[in-house]
Structures are given as C-alpha cells and as structure tokens.
Amino acid sequence: MRARDRMESLCWPVAAGLAGLAAWQWAVAASHSTTFPGPLVVARGFAELARRGVLGPYIADSLLRVGTGFLLALVVGIPLGLLMGWYAAAARALNPVVQLLRPISPLAWIPVSIVLFGVSNFATIFLIFLAALFPIVVATSNGVRGVPELFLLAGRNFGLSPAALVRRVLLPAALPQVLVGLRIALGISWLVVVAAEMIAVDSGLGYLVIDARNAGKRYDLVIAAMLLIGGIGLALDSLARRIEKLPRVRWGFPAA
Amino acid sequence: MIQALGTEDLPAASKVQVRGLNVTFENDGQPIHILKDIDLAVAPGEFVCILGPSGCGKTTLLQVLGGFLAPTSGGVFIDGEPVIRPDPRRIFVFQERGLFPWLTTEENIGFGIDRLGRPERRARIQRYVELVGLGGFERAFPHELSGGMKQRAEVARALAMNPDVLFLDEPFGALDSITRLTLRRELLRIWEAERKTILFVTHDIEESVQLADRIVVLSLRPATVRRVVEVDIPHPRDLSSRRYLELRDSIGAEIGLAHRV
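First to last, the protein sequences are chains A and B. 443 is the number that the working numbering gives the last residue of the first sequence; the numbers go up by one with no jumps. 319 is the number that the working numbering gives the last residue of the second sequence; the numbers go up by one with no jumps.
Keep in mind that the hints were calculated from the coordinates and are not lab data. Note that the structure is predicted; figures quoted are calculated from it, not measured. Among the hints, a few may not be true.
What the hints assert, rightly or not - Non-contacting residues of chain B with respect to chain A, defined by C-beta distances greater than 10 angstroms in every case (computed):
no. : residue
1   : D145
2   : P146
3   : H201
4   : L241
5   : W249
6   : D307
Stated by the list, open to error - Below, a sample of chain A positions facing chain B; criterion: calculated Cβ distance under 8 angstroms:
no. : residue
7   : A341
8   : N344
9   : P359
10  : L426
11  : R428
12  : R429
13  : I430
14  : P434
Glycine included, C-beta positions come from ideal geometry on N, C-alpha and C.
The shape of chain B in the complex, shown without the other chains:
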C-alpha cells in the first residue's frame, strides 16, 4: 500500500504528504546531508512509526513535519496545505520533558485551550486527566511527578488541543521498560478512542512493530526511506505470534542487527 511516491502521483486522500524532502546543515563550512529525497504519504487516522538508528535524522524529519525547521528543498503538505510554521492543529510531544514546570498538571493540560469558555475548558481538562490516568494529580507540579506521569501529562496536554496530527519524538525513550510497555498500551487505547493521525519516531524495532500500522525504516545519514513495512497484525498484538516475530526479525535484518546478543 505504501511506496515511495513521485511528486506527480500523490493520493489526494493523504493527511500528510512529504515530497522530495532534503535537509542539509552547514558545519564549519562543510555541508552535511541529513535527509535525502524523502517521500512519504500518511493516511488520516493512521499510526506511522519512523524507525532508524540513533542520529540518523529522524528527529530532524519530525521537526520539518511539525513546521519547526524549514527544509533545504522539497516540502511537507498537510491537508494539501504547505507546512511553513508550527500549528496548534498539529501538536508535538517532545523527547525531553516539555511540560512547563511552573504550572500544575491541570494548568499544563489546559495551557493551549484558554480561549474556550470556563466550563468547557474544565470539562476538557478533566476528561484528559482521566484518559491518561492522572486523576488525583491535577494540582501536582511536574517536579512532583514520576517520569512516566510527566509523559502522560504531556500526551494529555497535546490531546486537549484536539489536534488532528500528533508528532511523538521518542516519547518513552527515557522511561523504564515496564512503564514504557504500559504507556504503549495506553497510547494505543487513546489512539483507538481518538483516531488522531500519529507520527511516532523511535529507534526501537519492537516498539515500532507493537504500535504502528506502517513502519518507515530510515537508513543511516543521509537518511533515505529504506523500506516501508506494513504491520498487518490486528490489535491487541500478540508479541509471541509468528507474524510479529517475522516482522521484527526482518526489520532487524534490514537494519543489520544480528539475531543473538
């Protein structure tokens, strides 16, 4: 279903389209090619993981998608409009802790929706506090929360904006493995409830096979789309099923990982 697309034959139904994207940075007068000829189309409500080794340029790609960084050439289109700046309809959930430390959980979650009327704002905050399981911590400040709770609060803050696209940049990377598994399950539950289009950057093969409808595997720098893998396993996914292991191992082999530690 997914293939590298030419600029002329993009499906109109795409939510996010990336066309011929190149990003080059300058370092000491030497140009460094970070992203090379990236083409991509994401359908509305789709969960796409961008997978690649550390430092390959995944985050750069996400920043261009979010409108934080202008590409050297090519472009990103969301709903057919070119992305030129950040937009509250598309919210970024950051790798590091992006919560505002001077605001409580509920103030953080309500940060972007101050234009709503008071009762509606209250209701929406309460709804997302509960959706991410932070009931009882509404008045806590971020430094009083655990890493996992902070990450939940950040996801809730993004969802409260009612965006149609979520960009997640290795959101669970700094958490312990148990919390990470729990949060993946919760993210899927939330995604199934809200049906946002999700672009999720990770360097974790297992994570991508557990979460995504499709996995875009990037190569090392300059990053190109190496392969797009469709994950045809219905949720909830059995992590010991043959198909799961097959997909996981074939991506591992693609990236060049050995099967044994």
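Next up, chain A with everything else stripped away, as it sits in the complex:
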C-alpha cells in the first residue's frame, strides 16, 4: 500500500514534467525560432558545460557567496532580533530603521556595494548579507515576543539568571520561528546571489547566465544555468525544511 502511494505521488509530477518538456519542444518547433533552444539543445548545453569543467567551480562559488553572506546575516541578525524582541526600548529605537530598510530590494544596494567594495566578491557577499539580514531580524524578534509567558515564569521559578533564561528558555522557545525566518532568508539569498553575480563578479551561476548571453547568445547555456539555479534552490529549501523536522523544534511546526 505504501509503495503504491509512493508510485502515485511520483507519477503525477513526472507526467507533468514530460508534458511541459513536450510543450516546450513543440513551441520552439512551431515558432521556427533560431535563437531559443528546445529541451534537447539545452541538454547538450549542459553536457558542454560539464565537459568544460566550469559547472563544479561555478556552483561552489555561488554557494560559497551565499554561505558567507548568510552566515554573517545570522551572526548579526539573531542577536539584533533577540535584542528587539526582548527589550521594548530597543524595539522602539531600531524598528523604524529596520522597517525603512526592509522593503528596499537588495538589488537597489548594488551601486552602494560597488562603491564600498569595488567589483569584487565582497560586493556580492554584502548584498546577500543585506538580503538575508532583515528576514532573520524580523523573525527572531517576533519569535522572541511570541514566547509564552508561562515558559518564562517557569524558568524564573527554577532560579535562572537573566542570561540563563535567555539561553535555556527564550532561545529554544523562539527557535521554530527563527528557523522559519532563516529558511525565508536562505531563499532570498539564493535569488540575490544570481543577480549580484551578473554585475559584480566573473564566476558563479549568475555570471554563467549573463556571460552565455553576452558571449555569443548561447541561450542553450542560459537555460541550462537557469534550470541548475532552480534545482539548487529547491535542494537548499528541502534541506531547510528537513531541519524543521528535528525533534527539538518539531513541536513548533504542527501539521507540517
């Protein structure tokens, strides 16, 4: 019974995927396009990229930029969110700034980051840092504010010092909310790294997209890179979702 369910849940996406590929092939053939590639041409483009040996290093570069920027955002964002969630005065002081900066697309920071860091790796990392920072700050401060009073009373009753109360009660109680913010931040980081690499560096998947177009209108490589970006983004998200299933946080994700 289980095996059959699994078959069925696999069947539909595969069927839809094949139908999509067929429609894509048909549309290219029917329009007699010479620039836009069909799926087979894209597959050959993939093979070419693999042969040239750029895929591995480009993926690694992009992931490294996301990883570094995301980690920096985590290191700054979680304490900041904690501060804003815990101290009403900090929230009053910092919230206007956060709320003002938050709606600005990280892409609008591109000129600023180039002024600050030149056309370099640091410029991309800075953009990812900014993109990831605000979701993390907001989720952490909301998470902290949403911790049930009861847990804090119990913690105080057990004689915890303020520092221990934060570490042993507040943080674990807010963790599921923080994880939601981290997952959102990771998704946005991946969106932003591609855009940032188009402008500021000469490696990575975003660079591959723009370079393939500029150097000879190789749309087969453009589409191949896009599909790869989608696939890696999906993998990152499922990884983040897997963290939500861990026993210490699962209580915070009912019905998930």
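With the hints as your guide, set chain B onto chain A.
Showing chain B alone in chain A's frame:
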C-alpha cells in the same frame, strides 16, 4: 485550628503566612479589587486547598504566594522571610502545560538541577520518573505524551528541585475525570512520601475534600476568606462516608450550590 489571624498573633511555627493581603488591578482607570484582607497561615507539611468559584482570584492569590506578583498591600512570608520574587525552594505547577516542549521528559525533570553532579542528577531524575510512573517515557517529548502524563512530568519536574513548598494551580482541571481521580491519589501518595507543604488551588469541592487537610473557601470578588474548613478524615478517604458527604455538602451550601442537579 485555623482562624483569620491578626498581624500581631501569627504562630511562629507557620511555614507560609499571609498578612492583610490586598491586590487591586487597574482596568480603564477603574480600580478592581481582586483580593481583600486575606490572612492565612499554613503549617509545615500541610496540604491546603484554596477553593473558590472561577474568576474569584484564586490564581492571583497563588501568584502572589509564588512571588510572581507584588501585592498592593500586605505581604506573604515564608519561613518568616518576605516573598518578593520567585524562588526555586518553592515551585509552581501551572494550570496550562508548563513543560518545555523542546526538552524530553528526563530533560524537563532535570531542568532545574543542572548544578548537581552528573550521577546525582541522573539518580534524581530516575527517582522522580519512577515516582510519577513515567518509566519508559524518559526520552519522549511532551507532544508525544497524553495530558495526564504531561501533568505527571510537570509534578516530577517540580519535585526534583526538592522544594519545600509546592503551588499547584488547578493542575488536573484539563484532564478527564478518570485520569483526574488517579492523579489525585498519586499526588496524595507522593505528598505522604515527601511531606512538602502544598497549596492547591481548585474550584472543585470534591477535589478539595478528597485532598486537603484544610480548605480555605474564598468568596466571589473581591475575594475574602469566607471560611476555613478542617477536613478531619484520615487518608485514604472513603468518598461515601458520612463525614465526607457532610463536609462536601456544607461547603456546597456555603458557596450556594443546590443539592440537586
């Protein structure tokens, strides 16, 4: 044995003393008198139920006793010291689920005793896991336990601190009636084994007559001590004995309950 006590003649042997306690909240600029002139003395090792209708201020009284809420006037003294903040020597067992959902049963029970050495801590956790009958569920998380098991775990977490006073705020209120009866019996067994001073808030007359040495009956708001009833029936109590029914009905009449549904 118990009477409303003046501030000047409190017995020194009391574990918990409440003197002239008043609590007033402000709501839309209107003062609301919650507790009025409460005087109370509880002996060491005594089991006292605080009984009153829902919303009368029982929980407020318990929160003041626990040091979570400052009274408007008057005070609470435990071992002669004024209560001004929560203290690990006095543990609160909450009405709602106060277990930490990110910790397993044994981690919850060991939460407050992390300063003990490893072997001693292990031994104490094991002892209370067994005392409350949660053997086999040491590694389970709260969301994997039934309501009754969670409540047992919370009692075990409180006892593991080796407190000398336990505050229980309608701990069995959300459980089904069978589990509730079982847990009452277990609480009595634990109390007889450990002899903690227990202050137990409830709105259930039967529960109070089954459990308490003395029942402090509160009036509706502002809550005052309406009557203190000494329950002179030895444990285990026969719930069909004449004395039990007499006490139950006299408290029911005091609160204004009819004898028939």
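Requested in this report: Return the numbers of the hints above that this structure violates; sort them in rising order.
Outcome: Violated hints: 1, 2, 3, 10, 11, 12 and 13; rest satisfied.
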